[in-house]
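> Make a model of the complete structure from these sequences and hints.
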Amino acid sequence: EAAVTQSPRNKVTVTGGNVTLSCRQTNSHNYMYWYRQDTGHGLRLIHYSYGAGNLQIGDVPDGYKATRTTQEDFFLLLELASPSQTSLYFCASSGGTGNYAEQFFGPGTRLTVL
Amino acid sequence: GEKVEQHESTLSVREGDSAVINCTYTDTASSYFPWYKQEAGKGLHFVIDIRSNVDRKQSQRLIVLLDKKAKRFSLHITATQPEDSAIYFCAASMTGGYKVVFGSGTRLLVSP
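In order, the protein sequences belong to chains A and B. Using my numbering, read the first sequence as starting at 1 and increasing by one per residue. Using my numbering, read the second sequence as starting at 1 and increasing by one per residue.
No false leads were slipped in.
Lysine-lysine pairs mimicking DSSO-like chemistry, simulated, CA-CA at most 30 Å apart:
| no. | chain 1 | residue 1 | chain 2 | residue 2 |
| --- | --- | --- | --- | --- |
| 1 | A | LYS65 | B | LYS42 |
| 2 | B | LYS69 | B | LYS3 |
| 3 | A | LYS11 | B | LYS99 |
| 4 | B | LYS37 | B | LYS68 |
| 5 | B | LYS69 | B | LYS37 |
| 6 | A | LYS11 | B | LYS42 |
| 7 | B | LYS37 | B | LYS3 |
| 8 | B | LYS3 | B | LYS99 |
| 9 | B | LYS99 | B | LYS71 |
| 10 | B | LYS37 | A | LYS65 |
| 11 | B | LYS3 | B | LYS57 |
| 12 | B | LYS57 | B | LYS69 |
| 13 | B | LYS69 | B | LYS99 |
| 14 | B | LYS3 | A | LYS65 |
| 15 | B | LYS42 | B | LYS3 |
| 16 | B | LYS99 | B | LYS68 |
| 17 | A | LYS65 | B | LYS99 |
| 18 | B | LYS37 | B | LYS57 |
| 19 | B | LYS37 | B | LYS71 |
| 20 | B | LYS57 | B | LYS42 |
| 21 | B | LYS37 | A | LYS11 |
Just so you know, the hints here were simulated from the structure itself, not pulled from any lab data.
Here you go:
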């Protein structure tokens, strides 16, 4: 089974702070995703990537940057954090054959912006 | 773009009863409908999916129904057990697309 790890697991920062969330997957998947989970909204896609150096914009990208440095590593950057970005962030990867691909999720990072 | 609406935000059932979670979608081009389960304090994991070329799929106690005409799909959990208690997310995706759109989640509580 694919392994997806995230760090840190918890982060507290202040408004205007700079935060980097890290994700690593070890199953050689091509696709990686960043989501945020908020009550009443479910999971919303921030950014995703289909390989090193590639970045695709998701549904709620404002205030977020992302970078895919290797096939394994995908980073989410909040350069000027705001309280509205307080959320639970999940990274996921997928890369099965065919047209349909199960996503494998990390354990999540809880971010609080004061 | 695609929107997925999950109709029940919470659902409580007694152990052994069936639970049904309903979702609707907007884009007729969507053809793949996975379901994910999130246990307390954990990430999501895949439980079952259905593709648009069938209208029913079963995996043990899980049954997924798809009504393409109504753009509606549902997850049926039969003979519920306490370990079924979790948040369940429905999702939709188009053929060839690795991007899925999730519903808002249904918190299922199975009580003894």
